[in-house]
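Peer 1: Those protein sequences? They're chains E and W, same order as listed.
Once you know that position 149 of the first sequence is 149 in UniProt numbering, the rest is easy, because the numbers rise by one and skip nothing.
Once you know that position 139 of the second sequence is 139 in UniProt numbering, the rest is easy, because the numbers rise by one and skip nothing.
Simulated from the structure, these hints should not be mistaken for lab results.
Any given hint might turn out to be false.
Identical chains share a label here; the pair holds if one copy fits it or two copies do between them.
Only pairs whose alpha carbons sit at most 20 Å apart, straight line, appear in this in silico DMTMM-like list of lysine to aspartate or glutamate [stated by the list, open to error]:
no. : residue 1 : residue 2
1   : Lys19     : Glu102
2   : Lys170    : Asp11
3   : Lys192    : Glu70
4   : Lys19     : Glu70
5   : Lys170    : Asp53
6   : Lys192    : Asp142
7   : Lys19     : Glu48
8   : Lys170    : Glu197
9   : Lys19     : Glu42
10  : Lys170    : Glu189
11  : Lys192    : Asp11
12  : Lys170    : Glu70
13  : Lys19     : Glu32
14  : Lys192    : Glu102
15  : Lys170    : Glu87
16  : Lys170    : Glu42
17  : Lys19     : Asp53
18  : Lys170    : Asp142
19  : Lys170    : Glu102
20  : Lys192    : Asp53
Number of protein chains: 2
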Amino acid sequence: MPDPSSNPAPDIAVTPVMKRSGHVVMVAAAVENAVGTGRLAELVLTHEGIPGDRHAGFLRPADVRVPWFERHAPIQNERQLSIVSMEDLAVIAGNLGIERVEPEWLGANIAVEGVPDFSFLPRGTRLFFPSGAVLAVMGQNDPCRIAGAEVERHLGGQGGLALRFAAAAKRLRGVVAIVDRPGSIRGGEGFKLRIPEQWIWQG
Amino acid sequence: MPDPSSNPAPDIAVTPVMKRSGHVVMVAAAVENAVGTGRLAELVLTHEGIPGDRHAGFLRPADVRVPWFERHAPIQNERQLSIVSMEDLAVIAGNLGIERVEPEWLGANIAVEGVPDFSFLPRGTRLFFPSGAVLAVMGQNDPCRIAGAEVERHLGGQGGLALRFAAAAKRLRGVVAIVDRPGSIRGGEGFKLRIPEQWIWQG
């Protein structure tokens, strides 16, 4: 019989921590209450996100994405920032049969390149930027009709694109993140990633 | 060649959302600055955790658990609450060759039973309590020497237990969580769990 102290944990395969790097293509912030964002040279972040942005704050009102909460009830804000990858946007564009999808159309705050399967980065992944800013990935972003309508608008109203967007962008829409350490992020700079241990709970 | 729009996402297996239920065995809060906690009838929670507790707050100072941050730098607080399972504590006790490990010795705020592999619940798991309180699991808790010393103290100073604790409790030490919706949690009540979609990022 094996010594129980040599095998204390359940028999669940744990994928070790991984470290990677990527490149910031652009940063952007909301323009008043528009869905889309506007490109900036630099994004300056506090612990609550982008100061003055409608997604800033430690808390946010519950919405249709979290139907188990009463609508508008204050909950922890996992959505201070939206981050997409240029590679995923190219796949969305291909799925829609259009030339390109710009990160600003989707309201992204940061667009990156060089990280494979970016939209699948697990919760708890940390992104480290040269200024000392650190972001924590809180989950996959969901495509929505509003973003689809914005894509359609930028393409001069091609009929039906808004409806097709959700399917075309599923699991390609990037991640949402919060600010673990304040700082600034600039287009053109590199960043490091720390992907935490991963496993599948079978329950 | 397959229609790309029918398979827009990378080929990563996604484990669907799961729903489970469990039972609260006891709740406890810190007693002044002691490591251990003291049992209560009810835990009353705000969005910042347990009011007045040293682990309360939207932010916390970085410590040895997150060595990539400057020590004491304020970071997002993922550790408002510590939750353990009676099943995992029984395995720790077995690994140490002692009769029992009480949740209070480890500074746990909530002890549960009925959830298999509790310490492996993935980040983003939500726990729903009858009052309307909802907790969000933020990660596996790490065993530490301090908790081990507390176990040793409760057992009258059996030599070496503190040192053996970290190995004996690895991946059995429960999870840390934050308060997504305020409310109260009571010993003896049931709760529901929502385990989010899971996958392994291979990068």
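Peer 1: So, for every hint listed, does it hold in this structure?
Peer 2: Checked hints:
no., hint, result
1, Lys19 - Glu102, "neither (28 Å within a copy, 37 Å between copies)"
2, Lys170 - Asp11, "between (32 Å within a copy, 13 Å between copies)"
3, Lys192 - Glu70, "between (37 Å within a copy, 17 Å between copies)"
4, Lys19 - Glu70, "between (38 Å within a copy, 19 Å between copies)"
5, Lys170 - Asp53, "neither (25 Å within a copy, 41 Å between copies)"
6, Lys192 - Asp142, "neither (24 Å within a copy, 24 Å between copies)"
7, Lys19 - Glu48, "neither (26 Å within a copy, 31 Å between copies)"
8, Lys170 - Glu197, "between (25 Å within a copy, 14 Å between copies)"
9, Lys19 - Glu42, "neither (25 Å within a copy, 42 Å between copies)"
10, Lys170 - Glu189, "neither (28 Å within a copy, 38 Å between copies)"
11, Lys192 - Asp11, "neither (31 Å within a copy, 24 Å between copies)"
12, Lys170 - Glu70, "neither (25 Å within a copy, 37 Å between copies)"
13, Lys19 - Glu32, "neither (36 Å within a copy, 39 Å between copies)"
14, Lys192 - Glu102, "neither (23 Å within a copy, 40 Å between copies)"
15, Lys170 - Glu87, "within (14 Å within a copy, 38 Å between copies)"
16, Lys170 - Glu42, "neither (29 Å within a copy, 42 Å between copies)"
17, Lys19 - Asp53, "neither (31 Å within a copy, 34 Å between copies)"
18, Lys170 - Asp142, "within (7 Å within a copy, 34 Å between copies)"
19, Lys170 - Glu102, "within (16 Å within a copy, 45 Å between copies)"
20, Lys192 - Asp53, "neither (25 Å within a copy, 34 Å between copies)"
Taken one by one, the earlier hints fail for this structure at numbers 1, 5, 6, 7, 9, 10, 11, 12, 13, 14, 16, 17, 20, listed in ascending order.
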